[in-house]
Amino acid sequence: MPIIVNLDVMMARRKMSLNELSEKVELTLSNLSILKTGKAKAIRFSTLEAICKALDCQPGDILEYTCDEP
Amino acid sequence: MLRILHILAWILFVGLGVEAGGFIVCAFFAAVNPAIVKNLWLWQDVDLSGLFSYPQHFLEITILMSITGVLKAVLFYLVVTILYDKKLDSPQPFSPQLGRFLSRIAYLSLLIGLCCRAGSAYAGYLAAQGIKLPDIRYLRLDADDVWLFMGLTLLVIAQIFKRGVAIQSENELTV
Chain A
1 MPIIVNLDVM MARRKMSLNE LSEKVELTLS NLSILKTGKA KAIRFSTLEA ICKALDCQPG
61 DILEYTCDEP
Chain B
1 MLRILHILAW ILFVGLGVEA GGFIVCAFFA AVNPAIVKNL WLWQDVDLSG LFSYPQHFLE
61 ITILMSITGV LKAVLFYLVV TILYDKKLDS PQPFSPQLGR FLSRIAYLSL LIGLCCRAGS
121 AYAGYLAAQG IKLPDIRYLR LDADDVWLFM GLTLLVIAQI FKRGVAIQSE NELTV
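Protein chains in written order, with our numbering: chain A, 1 to 70; chain B, 1 to 175.
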């Protein structure tokens, strides 16, 4: 998929563990793991808002678009 | 409720399996030694005595009856397995397994309908040739239109179900 989730990068920059983020955004570990590993098919604005708030970043810091076509 | 359905499906599966087995044995002996089929024919309500002097026709009609019987038994075997796996009372009913089950029983119903249609057409042809045959329902080749209608309806439901599976999967992967 051309949308890459850089959640792990942002978590590493903020030195935040998955458990800590899970508690702050009130999302289950399994759902956060789905998002982190890029298996998620969609993300709710409310989830994105909570993650941005917890990591003090912009949506663009978490999501990145790369063109697959040559 | 599902338990009762499970028991009913088992009873129907065993009954249809026995019936299909009987038809297969008759078809086998009709192919190997037509002379002893008269002694083997145990179904009192299916009087195929008119066909005993035409071994080739007898074999063909018993083959059609066997195929239809086996397909019906397989259909109920699928129902038994899906009820045994308890996939119907799952909190997430739109599973790919259930989708495959629906598609399979749809195709099986269509096949049964086609076999019944072929069988009844063949029986009609034999009757037109002056061979005495019992009513088509005694040959278990009736209700072809019902099977075809059921198959087509199930095929439509299976397609809708496939979309349901995709939506559920998407919903599960939305965070």
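No wet-lab data here; the hints were simulated from the structure.
As the structure is a computational prediction, the values presented were derived from the model and not from experiment.
Glycine residues also receive a C-beta, built at the ideal position from the N, C-alpha and C atoms.
Keep in mind that a hint or two might mislead.
[Stated by the list, open to error] DSSO-like cross-link-like pairs, simulated, lysine-lysine; straight-line CA separation at most 30 Å:
no. : chain 1 : residue 1 : chain 2 : residue 2
1   : A       : Lys39     : B       : Lys132
2   : A       : Lys15     : A       : Lys39
3   : B       : Lys86     : B       : Lys162
4   : B       : Lys38     : B       : Lys162
5   : B       : Lys38     : A       : Lys39
6   : A       : Lys53     : A       : Lys15
7   : A       : Lys53     : A       : Lys41
8   : B       : Lys162    : A       : Lys36
9   : A       : Lys53     : A       : Lys36
10  : A       : Lys53     : A       : Lys39
11  : B       : Lys38     : A       : Lys41
12  : A       : Lys53     : A       : Lys24
13  : A       : Lys41     : B       : Lys86
14  : A       : Lys24     : A       : Lys36
15  : A       : Lys15     : A       : Lys41
[What the hints assert, rightly or not] Across the chosen pairs, the derived CB separations fall in these ranges:
no. : chain 1 : residue 1 : chain 2 : residue 2 : range
16  : B       : Gly164    : A       : Ser33     : 40 to 48 Å
17  : A       : Cys67     : B       : Leu88     : 41 to 49 Å
18  : A       : Lys24     : B       : Leu8      : 27 to 35 Å
19  : A       : Arg13     : B       : Asp85     : 56 to 64 Å
Check your understanding: Does the Cβ distance between arginine 13 of chain A and aspartate 85 of chain B fall inside 56 to 64 Å?
Key -> violated (47 Å)
Practice item. Take a quick look at whether lysine 53 of chain A and lysine 15 of chain A sit within 30 Å of each other, Cα to Cα. Key: holds (15 Å)
Review point. Hey, lysine 53 of chain A versus lysine 24 of chain A, does the alpha-carbon distance stay inside 30 Å?
Key: holds (9 Å)
**Study point:** Given pair status - lysine 162 of chain B, lysine 38 of chain B, alpha carbons within 30 Å
**Key:** violated (49 Å)
Practice item. For the pair we were handed, lysine 53 of chain A and lysine 41 of chain A, check the Cα-Cα distance against 30 Å. Key: holds (22 Å)
**Study point:** Cβ distance range 27 to 35 Å for lysine 24 of chain A and leucine 8 of chain B, holds or violated
**Key:** violated (53 Å)
Review point. Holds or violated: are the alpha carbons of lysine 38 of chain B and lysine 41 of chain A at most 30 Å from each other?
Key: Roughly 65 Å between the alpha carbons, so the hint for lysine 38 of chain B and lysine 41 of chain A is violated.
**Study point:** lysine 41 of chain A paired with lysine 86 of chain B [C-alpha distance capped at 30 Å]
**Key:** Between lysine 41 of chain A and lysine 86 of chain B the Cα gap is close to 29 Å, so the pair holds against 30 Å.
Check your understanding: Given the hint that lysine 24 of chain A pairs with lysine 36 of chain A, does the C-alpha gap stay at or below 30 Å?
Key -> holds (16 Å)
Practice item. Measure nothing beyond the straight line between the CA atoms of lysine 38 of chain B and lysine 39 of chain A; if it is 30 Å or shorter, mark the hint as holding. Key: Cα-Cα ~65 Å, so violated.
Review point. Is it true that the CA of lysine 15 of chain A sits at most 30 Å from the CA of lysine 39 of chain A?
Key: Roughly 23 Å between the alpha carbons, so the hint for lysine 15 of chain A and lysine 39 of chain A holds.
**Study point:** Hinted pair lysine 53 of chain A and lysine 36 of chain A, Cα distance within 30 Å
**Key:** Since the Cα atoms of lysine 53 of chain A and lysine 36 of chain A sit roughly 17 Å apart, the hinted pair holds (cutoff 30 Å).
Hint check: violations occur at hints 1, 4, 5, 11, 16, 18 and 19; the rest are consistent with the structure.
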